[in-house]
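**Student:** Residue numbers (numbering that gives the first Met the number 0), protein chains in the order written: chain A, 0 to 335; chain B, 0 to 335; chain C, 0 to 335; chain D, 0 to 335.
If you're looking for bench data, these hints aren't it; they were derived computationally from the structure. Careful, some of the hints might be misleading.
One copy or two, either will do: identical chains are not told apart, so a pair holds if it fits within one copy or between any two.
[Unchecked claim] Cut-off 25 Å, straight-line C-alpha distance, at most; resulting in silico cross-link-like pairs (SDA-like, lysine to any residue):
| no. | residue 1 | residue 2 |
| --- | --- | --- |
| 1 | K43 | G143 |
| 2 | K245 | Y272 |
| 3 | K137 | H254 |
| 4 | K137 | A191 |
| 5 | K245 | L195 |
| 6 | K137 | E295 |
| 7 | K43 | T53 |
| 8 | K43 | R196 |
| 9 | K245 | E111 |
| 10 | K245 | A131 |
| 11 | K137 | M150 |
| 12 | K245 | A269 |
| 13 | K245 | A142 |
| 14 | K43 | A112 |
| 15 | K245 | G146 |
| 16 | K245 | R20 |
| 17 | K137 | A88 |
| 18 | K137 | A47 |
| 19 | K137 | T297 |
| 20 | K245 | E267 |
| 21 | K245 | A325 |
| 22 | K43 | A16 |
| 23 | K245 | S201 |
| 24 | K137 | L273 |
| 25 | K43 | G146 |
| 26 | K245 | Q187 |
| 27 | K43 | A104 |
| 28 | K137 | A277 |
Predicted, not measured: the structure shown is a model, and the values here were computed from it.
4 protein chains.
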Amino acid sequence: MGGLLGVAVLGAGHMGADHIRRLDQVVSGARVAAVADPDIERAKQAAAGLTGVTVHTDHLAALDAPGVAAVLVASPGPAHEEALLACFARGLPVLCEKPMVPDSAGALRIVEAEAALGRRLAQIGFMRRYDAEYRRLKALLDAGRLGRPLMLHCTHRNVSSPDHFTSAMLVNSSVSHEIDAARWLLGQELTAVTVLRPTPSSDAPEGLIDPQFVLLESERGALVDVEVFVNSGFGYQVRCEAVCEKGSARIGDEHTMVVTTGGGAAQEVAQDYLVRFAGAYDREVQAWVDATRRGEVTGPGVWDGYAASAVAEAGVRSLHTGGRVAVDLAPRPRPR
Amino acid sequence: MGGLLGVAVLGAGHMGADHIRRLDQVVSGARVAAVADPDIERAKQAAAGLTGVTVHTDHLAALDAPGVAAVLVASPGPAHEEALLACFARGLPVLCEKPMVPDSAGALRIVEAEAALGRRLAQIGFMRRYDAEYRRLKALLDAGRLGRPLMLHCTHRNVSSPDHFTSAMLVNSSVSHEIDAARWLLGQELTAVTVLRPTPSSDAPEGLIDPQFVLLESERGALVDVEVFVNSGFGYQVRCEAVCEKGSARIGDEHTMVVTTGGGAAQEVAQDYLVRFAGAYDREVQAWVDATRRGEVTGPGVWDGYAASAVAEAGVRSLHTGGRVAVDLAPRPRPR
Amino acid sequence: MGGLLGVAVLGAGHMGADHIRRLDQVVSGARVAAVADPDIERAKQAAAGLTGVTVHTDHLAALDAPGVAAVLVASPGPAHEEALLACFARGLPVLCEKPMVPDSAGALRIVEAEAALGRRLAQIGFMRRYDAEYRRLKALLDAGRLGRPLMLHCTHRNVSSPDHFTSAMLVNSSVSHEIDAARWLLGQELTAVTVLRPTPSSDAPEGLIDPQFVLLESERGALVDVEVFVNSGFGYQVRCEAVCEKGSARIGDEHTMVVTTGGGAAQEVAQDYLVRFAGAYDREVQAWVDATRRGEVTGPGVWDGYAASAVAEAGVRSLHTGGRVAVDLAPRPRPR
Amino acid sequence: MGGLLGVAVLGAGHMGADHIRRLDQVVSGARVAAVADPDIERAKQAAAGLTGVTVHTDHLAALDAPGVAAVLVASPGPAHEEALLACFARGLPVLCEKPMVPDSAGALRIVEAEAALGRRLAQIGFMRRYDAEYRRLKALLDAGRLGRPLMLHCTHRNVSSPDHFTSAMLVNSSVSHEIDAARWLLGQELTAVTVLRPTPSSDAPEGLIDPQFVLLESERGALVDVEVFVNSGFGYQVRCEAVCEKGSARIGDEHTMVVTTGGGAAQEVAQDYLVRFAGAYDREVQAWVDATRRGEVTGPGVWDGYAASAVAEAGVRSLHTGGRVAVDLAPRPRPR
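So here's chain A without its partners, still in its complex pose:
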């Protein structure tokens, strides 16, 4: 497949550092060419031990560093719009972590900017589309053997939330994964959101509305319910049951060694998304590298990033008002 793809990684935090490790040690066909982070020490640390890498405080400088042929954006959400536009300006293929752009207005500007280019450059980091179980479920639904999907029952649990986590982030950070997964599995846009509030857990931080129960309606009438519970205490669990006209399919149960002792027959529960979705991230980045080296852009795109932002925004409004909020999507630019 020719030489290694040189990648500039923007953002050297938790996620950026993990992607740098992945590009260096896991993925075939790529190398890290540049790392940028406003905190130069963090950038240096993430690049330590790699050869042929330049480090930068300025994101745009990294794009112009020698050997950079593609970009992986792992900086905080508010920095994404500028980064994506800079990639578009340079014609650089880019894999951008979710959220593409936190607010839907900014997200729509990205949609329009890429549409103006007349070709795709961006893949958005909805890594669940690369999870083996989700792909099996998607293939089953697409094959049509179970008839039309009527409902999706989803669970999204974390052990505990980080300090800075807000009630709105249960919707626009956690549930945003289910929003994209539901759109993708159903092959439909989501048209309305209702966020319900069960009594909060005593183990959630004071003031955090956790758990929440989110209802999503699709354009052809499927109903998606999502339990999101980020201080469950007991594990990282992402499950989905698709209920169709002629059968149901369930993914996300524990699939590990069964250990039987005096305490019962037990299976370990993943404690972290990096454990549960390690394979999905690896496949996502490998697929992006492979496509980029072939000169293609595949996977979820900027419209998916925009739609997820718009639905999440409606969800946050529903969280505050308590009622059902319709999603108002802009017209989708024609694919060319």
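Chains B, C and D: place on chain A using the hints.
**Tutor:** Just chains B, C and D now, kept in the frame of chain A:
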């Protein structure tokens, strides 16, 4: 435990005939003393082969038949109010199938009539409280090890619905089981109902709103969601996951032999509630017979029957209006 | 079905007392008419609260007590031969706990004695044939959909063994259940036994050869392996996987509520055979009562009792010699 | 980690071609530098699309090709001894597919040759040691929480066997995986083998002894049983249950989406080892590449290859004689 308890069975339809078989062949300590059905042939057929049984077209005559010391009401719902009042008038202990009385006003009259007696006589046939799995879940929740319950996720699927089934019956016949189970598991009253309508299955009869997705709110803020899908085509599945502050517990998965062939590793799915809940019915009737012979009345009572009717009534209103409907319970008579 | 069947229960130990409770409180159509135990206090205690029961120190006297129409033998194995012969002499239908007769020579005498009667009177207490899962497996194998059975993989674990348990009892008490189950499932006699000795568990009592691994060969070449481990410490587990030409089927996995906490996703493991096989005992005794009241004898018979003794005897020889021991069955009396 | 590791791949058959694809497209840090196969067209086809690769009919010529820094041996077993010795002569690190050398005498020569070098150069391709589930089981056993392992119950099923498959190959090709896995999991040598022959499946080719049931004894008394059934018809299933003093642990159950339809609740069963162990092969080769680039040799070594050959050889003798065959290992060269 002394002589056999003579039981009058009112109603010799599907359910009544099954209870007659159960009292005769399964349960210890009881015998069928009288059978009543407006269709005398049906009554005779259900009593065929039994000795010491009188058959009647008139329900009240059966109560007064020789040897009758207790009553099992398995007639259609609209006949229950009269039957229960007649039992109360005679001081006869009675096990009454659900719905206790279809409308909440009538149900409340039963509550008041028993309260006026100053003692319990009636047990209501919410047989799930006698299912081994539900009992295990109830014991776990009561033990408090998982903290407060925050959500219950419930599934209630049938293979197909009978001809006469209406959209309202998904709520007041099918979901009424979940209504009682939720009240019992949570130890709380339900205060509001919202019925949502996903796109109906093409396999449901024309005009039937199936599936439905029912949201129940409890007085202390727990949220209960119920998928009810009576033309699922694939099985009789009753599942419940309780999500608590410190853990979750799930019942109702398939618990059968795993058969692995070229087609995969498969487990049979129950096709009928009499299969899934055969043990629960047996235990329910045995427990009722045992308590009655001890001179006690245990199990779910008339208040439970009333509350289930009231919540189901609110649910049917929500099905028609599309919005959330609050449940307005009468004050509960003091227990004596 | 007419009046209650009066049953004499011989033996009021753990198992006898449990059967007395079952006949009185669980099973339909029977009553306890007499109880015999050499320890009269034990007999009285087991009969406490029952009416119409006589208690005896002499087993034979109990058979002749008023109202006795059938016999349940739950005394220690060495007393069984005399009890069965006495039942045969009186023409009394009898359900005899396993082992029918501990030594195969005595067991053969029972076979011959019943053959001389010209009709069946005895059912032997191989209760696994009444377990719901075993019955499902038997029905599947008999249906022939999976082709011929080639192997059975069996597991038989107890939490701990009673004080008096010997190495031979792992074979002739524990594995005797698998011996009968294998004969029944395969529909074939067993022709050879080899008992292997893995390193004993440190948690087994000093000198007890535990676990053992038992190989049984059937007349048409199926191979049955049994792990028997009576001081496993972790649970009462009885599992069986049948491997056939066109598929496999597995029974005995844990079928209980899944509780997920910080410690993982766990299912309770049964700790006692009375928990795991409670339903099987109930169905066994109910089926025996029903058949007896119809004037029939069904279920496993004296030949099954004899064959199990003969195979177990060969197994104990193999345990001592370390080699394969052929089973030498007497000719089976023709059924009449 | 510096430049890419140039790898010569010997053998361009099914397995070799798969490793070439893996080195090129999956693994990070390596490139294919040379491909050798007696069939030059096959070598060319396997190398098609790659750059910087030379193709050879002569294995030794490939070792000397430009850029070759390590060797992956995927040629037929009989060619391995020469290939390994040539790698040793050149000081080239080598990953050699199993069997290391088919006969134990040849395998021992490899052990001695590497011992004479005074350092490790070879890793043997027992890829199960890199399977996520096996690693979890190994970690659990090593942690000691379950006490000493007493038994391993193993299952090894294929859908069907290739045309050339012989009865001996069930032992020395299929079970050889379990032989190595058992040695590794137990941390003990195997000292005896007994191969039992259940009645063959009608679906196995005429004359093939399939299934077989293999008993392995370890030096400290653990007992390992292996069902090997290569014409099961129903799937590729590799399972292992470790029974220890204080608990058991089971791996290899189906871990896939549950699809519920009118036919039951089903999980797909893997049909092919490349599906079941794809991740294990990827991790194995990645770990080898990583270690080689660090200048280290890790993973299973030549002694493991020799021991597996010796045990398998004893197994084949047992298959022919029907009796237990002791394994006679040469003294292990001291590690330096």
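**Student:** Give the relationship of K245 and G146 under a CA distance limit of 25 Å: within one copy only, between copies only, both, or neither.
**Tutor:** Within. Shortest intra-copy distance 6 Å satisfies the 25 Å Cα cut-off; inter-copy 30 Å does not.
**Student:** Treating 25 Å as the Cα threshold, decide for K43 and A104: within, between, both or neither.
**Tutor:** Neither way: K43 and A104 sit 34 Å apart in one copy and 54 Å across, limit 25 Å.
**Student:** At most 25 Å between alpha carbons: which applies to K245 and R20, within, between, both or neither?
**Tutor:** neither (44 Å within a copy, 35 Å between copies)
**Student:** Have a look at K245 and A142 and pick one of within, between, both or neither, based on CA distance no larger than 25 Å.
**Tutor:** within (13 Å within a copy, 27 Å between copies)
**Student:** Regarding K43 and G146, is the shortest C-alpha distance of 25 Å or less found within a copy, between copies, in both, or in neither?
**Tutor:** neither (53 Å within a copy, 46 Å between copies)
**Student:** Is it within, between, both, or neither for K245 and Y272, if the alpha carbons may be no more than 25 Å apart?
**Tutor:** Close across copies (19 Å), not inside one copy (32 Å); limit 25 Å.
**Student:** Pop the pair K245 and Q187 into one bin, within, between, both or neither, using alpha-carbon distances up to 25 Å.
**Tutor:** within (19 Å within a copy, 36 Å between copies)
**Student:** For the identical chains here, do K245 and E267 meet the 25 Å Cα criterion within one copy, between copies, both, or neither?
**Tutor:** between (32 Å within a copy, 16 Å between copies)
**Student:** Measure nothing new, just compare the shortest in-copy and cross-copy C-alpha distances for K137 and A277 to 25 Å and report within, between, both or neither.
**Tutor:** Answer is both; intra-copy 19 Å and inter-copy 21 Å each pass.
**Student:** Within, between, both or neither: how does the pair K137, A191 come out at a Cα-Cα threshold of 25 Å?
**Tutor:** Answer is within; shortest intra-copy Cα gap is 22 Å, inter-copy 36 Å.
**Student:** Since the copies are identical, ignore which copy is meant and state whether K43 and A112 lie within 25 Å (CA to CA) inside a copy, between copies, both or neither.
**Tutor:** Classified as neither; 32 Å inside a copy, 45 Å across copies.
**Student:** Please work out whether the CA atoms of K137 and M150 approach to 25 Å or closer within one copy, between two copies, in both situations, or in neither?
**Tutor:** Only inside one copy: K137 and M150 sit 14 Å apart there, 28 Å across copies, limit 25 Å.
Comparing the model with each numbered hint stated earlier shows that hints 1, 8, 9, 14, 16, 17, 18, 21, 25, 27 do not hold.
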